[in-house]
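Peer 1: Full structure from sequences and hints, please.
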Amino acid sequence: MIALPRPLRQALTLLLVPLAVAALVLPAQAQIKFREITSPKGITAWMVEDYTVPIITLAFAFEGGAAQDPDDQLGRANLMSSLLDEGAGDLGSEAFQIRLDEVGLELGFSADQDTFSGSARMLADQRGEAAPLLALAVNAPRFDQPAVDRMRAQIMAGLVARSEDPGYAARLMWNKALFGDHPYGRPEEGTLETLPNISLQDLKAYHHAVFARDTLKVGIVGAISPDAAGALIDQVFGGLAETPELKPVLQAELSFGQELAVDYPLPQTSINMAFPGVAEDHPDFFPARVLTELVAGRGLLSTLNVEVREKRGLSYGVSGSMVNLEHAEAITIGTSTSPAQADEAVEVIRATLSGVAENGPQQDELERIKRYLIGAFPINQLRSSISIARAMVGQQLRDLPIDYIEERTERIEAVSAAEVQAVAQEIFTAEPSLMLVGPDPDPEQE
Amino acid sequence: MHRSALGLLTGFAFVVSAVAQETVPAPAISQFTLDNGLEVVVIPDPRAPIVTHMVWYRVGAADEPPGQSGVAHFLEHLMFRGTEAYPAGVLARMVSELGGNMNAFTSADVTTYFQTVPPDALGEMMAIEADRMRNVALPPEVIDAERSVVMEERRQVIESRPEGVLAEAFAATQFQNHPYGSPVIGWAHEIAALSREDALSFYNQYYAPNNALVVIAGDVELDTVRELAESTYGAVPPVPDLPERVRPEEPPQETSRTVTLSDPRVALPGFTRGWVVPSYRTAETGEAEALDVLAALLSDGTRSRLYQELVVEQGIAVRAGASYGGSAYDVATFTLSGAPRPGTSLDDLEAAIYAEIEDIIANGVTQEELDRVTTRFIRDTVFLRDDPANMARSYGLWLANGRTIEELANWPQTIAAVTPEAVQDVAARYLRPENAVTGYLLPEAQEQAQ
Numbered sequence: 028m029i030a031l032p033r034p035l036r037q038a039l040t041l042l043l044v045p046l047a048v049a050a051l052v053l054p055a056q057a058q059i060k061f062r063e064i065t066s067p068k069g070i071t072a073w074m075v076e077d078y079t080v081p082i083i084t085l086a087f088a089f090e091g092g093a094a095q096d097p098d099d100q101l102g103r104a105n106l107m108s109s110l111l112d113e114g115a116g117d118l119g120s121e122a123f124q125i126r127l128d129e130v131g132l133e134l135g136f137s138a139d140q141d142t143f144s145g146s147a148r149m150l151a152d153q154r155g156e157a158a159p160l161l162a163l164a165v166n167a168p169r170f171d172q173p174a175v176d177r178m179r180a181q182i183m184a185g186l187v188a189r190s191e192d193p194g195y196a197a198r199l200m201w202n203k204a205l206f207g208d209h210p211y212g213r214p215e216e217g218t219l220e221t222l223p224n225i226s227l228q229d230l231k232a233y234h235h236a237v238f239a240r241d242t243l244k245v246g247i248v249g250a251i252s253p254d255a256a257g258a259l260i261d262q263v264f265g266g267l268a269e270t271p272e273l274k275p276v277l278q279a280e281l282s283f284g285q286e287l288a289v290d291y292p293l294p295q296t297s298i299n300m301a302f303p304g305v306a307e308d309h310p311d312f313f314p315a316r317v318l319t320e321l322v323a324g325r326g327l328l329s330t331l332n333v334e335v336r337e338k339r340g341l342s343y344g345v346s347g348s349m350v351n352l353e354h355a356e357a358i359t360i361g362t363s364t365s366p367a368q369a370d371e372a373v374e375v376i377r378a379t380l381s382g383v384a385e386n387g388p389q390q391d392e393l394e395r396i397k398r399y400l401i402g403a404f405p406i407n408q409l410r411s412s413i414s415i416a417r418a419m420v421g422q423q424l425r426d427l428p429i430d431y432i433e434e435r436t437e438r439i440e441a442v443s444a445a446e447v448q449a450v451a452q453e454i455f456t457a458e459p460s461l462m463l464v465g466p467d468p469d470p471e472q473e
Numbered sequence: 051m052h053r054s055a056l057g058l059l060t061g062f063a064f065v066v067s068a069v070a071q072e073t074v075p076a077p078a079i080s081q082f083t084l085d086n087g088l089e090v091v092v093i094p095d096p097r098a099p100i101v102t103h104m105v106w107y108r109v110g111a112a113d114e115p116p117g118q119s120g121v122a123h124f125l126e127h128l129m130f131r132g133t134e135a136y137p138a139g140v141l142a143r144m145v146s147e148l149g150g151n152m153n154a155f156t157s158a159d160v161t162t163y164f165q166t167v168p169p170d171a172l173g174e175m176m177a178i179e180a181d182r183m184r185n186v187a188l189p190p191e192v193i194d195a196e197r198s199v200v201m202e203e204r205r206q207v208i209e210s211r212p213e214g215v216l217a218e219a220f221a222a223t224q225f226q227n228h229p230y231g232s233p234v235i236g237w238a239h240e241i242a243a244l245s246r247e248d249a250l251s252f253y254n255q256y257y258a259p260n261n262a263l264v265v266i267a268g269d270v271e272l273d274t275v276r277e278l279a280e281s282t283y284g285a286v287p288p289v290p291d292l293p294e295r296v297r298p299e300e301p302p303q304e305t306s307r308t309v310t311l312s313d314p315r316v317a318l319p320g321f322t323r324g325w326v327v328p329s330y331r332t333a334e335t336g337e338a339e340a341l342d343v344l345a346a347l348l349s350d351g352t353r354s355r356l357y358q359e360l361v362v363e364q365g366i367a368v369r370a371g372a373s374y375g376g377s378a379y380d381v382a383t384f385t386l387s388g389a390p391r392p393g394t395s396l397d398d399l400e401a402a403i404y405a406e407i408e409d410i411i412a413n414g415v416t417q418e419e420l421d422r423v424t425t426r427f428i429r430d431t432v433f434l435r436d437d438p439a440n441m442a443r444s445y446g447l448w449l450a451n452g453r454t455i456e457e458l459a460n461w462p463q464t465i466a467a468v469t470p471e472a473v474q475d476v477a478a479r480y481l482r483p484e485n486a487v488t489g490y491l492l493p494e495a496q497e498q499a500q
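One line per chain: the protein sequences are A and B, in this order. Here the first sequence is numbered in the working numbering, starting from 28 and rising by one per residue. Here the second sequence is numbered in the working numbering, starting from 51 and rising by one per residue.
Hints in this document: simulated from the structure, not taken from any laboratory. Fair warning: this is a prediction, and the values are worked out from it, not measured in the lab. Glycine included, every Cβ here is placed at the ideal spot set by N, Cα and C. Keep in mind that the hints are not guaranteed to be accurate.
Partial list, derived from the structure: chain A residues whose beta carbon lies under 10 Å from chain B [what the hints assert, rightly or not]:
id	residue
1	V80
2	L150
3	Q181
4	P405
Covered stretches of chain B, going by a simulated chain A footprint (3 or more residues, C-beta under 8 Å) [what the hints assert, rightly or not]:
id	segment
5	94–102
6	345–359
7	423–437
Peer 2: Written out as C-alpha cells, the structure is:
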C-alpha cells in the first residue's frame with residue numbers, strides 16, 4: 028500500500044533485473060571510505076572497519092554464473108547456490124545447520140547470469156567459531172545426495188507451480204526473444220527437463236571451476252581490524268585454486284523492434300519495453316544513465332510517472348532501468364494498466380519518450396537528476412554493513428578503482444542537456460521490443 | 051534463500067544478547083513528548099551520514115467509517131498532493147535532489163510517511179511533515195486521477211494475483227465483526243465512491259500531533275532532534291476531540307469456515323489455515339511471547355519442526371510455515387500454510403501439518419527447541435541494529451501499536467522466560483480445528499473434479 032510507484036511488474040524479465048549497485052555513485056562527502064587490504068596469502072579485499080554494531084559482514088563473488096550452465100544442465104548454478112549450507116567437510120546437512128545456529132553465522136548464496144555470490148554475517152565475539160564454518164561451506168561443500176534431491180525437488184516444484192502462470196511464460200518468451208540463442212536467453216533456474224540431469228559430479232565440477240582466487244572479489248565490513256580481516260579471508264579463501272576454468276561467454280546481440288503478445292484474461296495488461304542500452308565503458312554511458320533516471324527513475328517525478336500516473340491516472344506507476352550485464356545492456360520500461368487503457372498507455376509512453384528525444388531535458392530537471400544520482404549512493408548503498416559489503420564487491424566486479432566515486436561524480440556533473448538529448452535520439456527513436464501480457468483487445472477479429 | 055524468515059516478529063528489540071552484552075552497550079534510544087502530545091523517539095547511529103525520519107499516525111484502515119473502506123489509504127496518496135506552503139512535488143523534488151528516498155504505507159492500524167535523507171535535511175523534512183499534518187490542500191482537480199491510480203494499484207496488487215484475491219476473501223471470512231476483515235486498500239465499489247470530503251473528514255479527525263509518533267534513526271543527536279521537533283511539530287495544535295480508539299470487537303469464533311479459489315493460473319495447490327489469537331497488546335501476560343515462540347519453532351529455519359518433518363523427513367511439502375502477527379493493535383492471527391510437492395495431495399499435506407500441532411498439544415516441546423529459538427531471536431535483534439531504517443520501522447510499528455520502549459527492552463528476557471508448558475498451552479487453547487478458517491488455492495481442473 029505504497030503511495031509511490033514500486034511496480035510489481037517492472038519490466039518482466041529474467042535477465043533485465045535492475046542492477047542498482049551498478050549505477051549509483053558515492054558523493055565526495057561520504058564519511059565511509061573503502062580501503063584495500065591484502066591478506067598474508069596475497070588475496071586482495073576491500074574493507075570498512077567499524078565497531079558500532081558488534082557484527083562482521085562479508086560479501087564475495089566469483090565470476091561465472093548461470094551463463095556457464097551447459098545447455099542440458101540449465102539451473103546448475105542456481106541449484107548449487109541452494110546447497111552450500113547443506114553440509115560441508117565432515118558435517119552432514121543436519122550437523123552443519125545445527126552448528127550454524129550455535130555459532131551465530133548467517134549464510135546466503137545466489138547465482139545470477141554472470142556471477143556466483145555469497146554473504147555471511149556473524150556476531151563479532153563468535154568469529155572464532157563462525158569463520159571455520161564459513162570456510163567449510165566455501166571449500167568443502169558435500170552435495171550429499173539427499174540434500175541435492177531435496178533442493179532440486181523444491182526448485183522443480185517451484186517451476187511446476189509457475190507452469191500455468193502467464194506472467195512467467197511471458198518472461199521466458201521475452202528473454203528468448205531478446206537474447207535468442209545467447210546463454211542469457213535461457214532460464215536461470217533451469218527447467219523440468221534439465222534439472223534432473225545435474226549430478227553430484229556436475230555440481231562438484233562447477234564448484235571446482237568457479238571457486239578460484241583469480242576472480243574472487245571480497246568486501247568485509249564491521250568490528251574487525253584489517254589484520255584480523257586478512258587472516259579471516261585467508262582462512263576462508265586461501266585454500267582455493269588459483270585459476271578458474273570458465274567457458275567464454277560471447278557478447279549478446281539483442282533483438283529490438285519485436286512485438287510480442289500473451290493473450291490472457293487478466294484484470295490488467297502489463298506493458299514491457301526494451302530499448303538498446305549503453306555499456307559502462309562507452310562514452311555515452313553517463314548521459315544514458317541520466318536519461319534513464321530522468322524518464323523512468325524512482326519516485327513520482329520521472330517524466331513517465333508524471334505523464335502516465337500523475338496526470339492521467341493510467342497506472343500505479345511506471346518503472347524502468349538501465350541494465351548492464353557482463354555481455355549485454357538494455358534499457359527496460361514497464362507498467363501495467365487496465366486492459367481498455369493499454370493502447371493509450373503505450374501511446375503516452377511512446378509520445379513522452381519521443382518528446383524527450385525531440386526537445387531534450389529541461390535544465391532544472393537535468394540538474395535534479397544529476398544531484399539525485401550523486402547523492403543517492405550513501406543513502407542506498409551505505410545504509411547497512413551488508414549493503415556496503417555488496418557495493419564493494421560490485422565495484423570490484425566491474426573493475427572500477429576504489430576511489431572511482433569521485434570520478435563518477437565529476438562525470439555525472441559534466442553531463443549536458445545536449446548529450447542527454449543526443450542519447451535520447453539515438454535510443455528512443457529506434458523501435459523497442461514491446462510485449463503486452465493481458466486480454467486480447469480484439470478477440471472478435473481472430 | 052529457500053527458507054522462511056521470522057518476519058516481523060523478531061524485528062524490534064534493542065537490548066543486546068547475553069552473548070554480546072559484555073562487549074557492546076545497547077544503543078541509546080530516547081523518547082520524549084511535546085506539549086501538544088506528539089511523541090518522538092530518537093535512535094542514534096553515527097555510522098553513515100544518513101537519517102530516516104518516519105511519522106506514524108495511529109490510525110489505519112480499521113478505523114474507517116462504515117462504507118468508506120480504503121479512505122485511509124486514499125488519503126495517504128492524497129497527502130503527496132501538497133500544502134499551500136509546500137505545493138505538490140516540493141517534497142519529492144527536495145528528497146530527490148538530496149539523493150534520498152521517501153514513501154508511505156497504510157495498514158489496518160497505522161499510516162506512515164517516511165524519508166531517508168542526509169542529516170542536514172532533517173529539519174526541512176520535519177517542517178514539511180509538520181505542515182502537512184494539519185494543512186493538506188487536496189485540490190479538487192487531482193482527486194479523480196488519484197482515485198484512478200488507487201484503482202490501478204488495487205488491480206495490480208490484488209485482482210491480478212490469485213493469491214491476492216484469496217487472501218482478501220480469507221481475511222473477510224476470518225473476521226466476522228472486526229474491520230480487520232476489510233482490505234486495507236478498500237473494496238473496489240467503495241473506493242469508487244470515495245470523495246474529497248471523505249478523505250478530508252478522516253484527515254481532520256485523525257491527523258494531529260496527539261495522534262502521532264515520530265521516529266528518527268541515524269546520524270543525529272538527541273538535542274538537535276529535540277530543538278528541531280519543538281520548532282516544527284511543536285507549533286502544530288493538537289485536536290481536542292480525538293476519538294478513543296475502540297474498534298468493533300470480534301465475537302467468540304465458534305465455526306470452522308472454508309474459502310476456496312480455483313484459478314487457471316494455479317498449477318500447484320496451496321492452503322492457509324488461520325485463527326484469531328491475542329496480540330502482544332491484548333494478550334494475557336506471556337501468551338503473545340509463547341505464540342511467537344510456537345511459530346518460530348514450527349517454521350523458523352531448517353531445524354524447525356515443519357521443515358524437518360514435512361520437507362526433509364516425509365518429503366511431502368514444497369513449503370510449510372507458521373506465522374504469528376503479534377504486532378496488531380487489536381486481535382492477531384496465527385496461520386499455518388503449505389504447498390504439497392507435485393504428486394502429493396493437498397489433503398495429506400494439510401493433515402500432516404496439523405498433526406504437528408496435535409503433537410505439540412499432546413506431547414509439548416523441548417527446552418532445547420526453546421533455547422534455540424531464543425538464541426536466534428536475540429541474535430536477530432543484534433543484526434537488526436545494522437540497519438537504522440529497519441530500526442525505525444520496527445520501533446515505530448510496535449510503539450505506534452501500544453507497546454512501550456521498556457517492554458521492547460525487556461522482550462528478550464520475556465522470550466527467554468517462555469516455558470515448554472506455555473507453548474503447549476497456547477497451542478491447545480487457540481489452535482483448534484473447530485474454529486479455524488481454511489483457504490484453498492486450487493488449479494481449475496481440481497475444482498471441477500470435486
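Peer 1: Run every hint past the structure and note whether it holds.
Peer 2: Tested hints:
no. : hint    : in the structure
1   : V80     : holds, 5 Å
2   : L150    : holds, 6 Å
3   : Q181    : holds, 6 Å
4   : P405    : holds, 6 Å
5   : 94–102  : holds (count 6)
6   : 345–359 : holds (count 3)
7   : 423–437 : holds (count 8)
When held up to the earlier numbered hints, the structure conflicts with none and fits them all.
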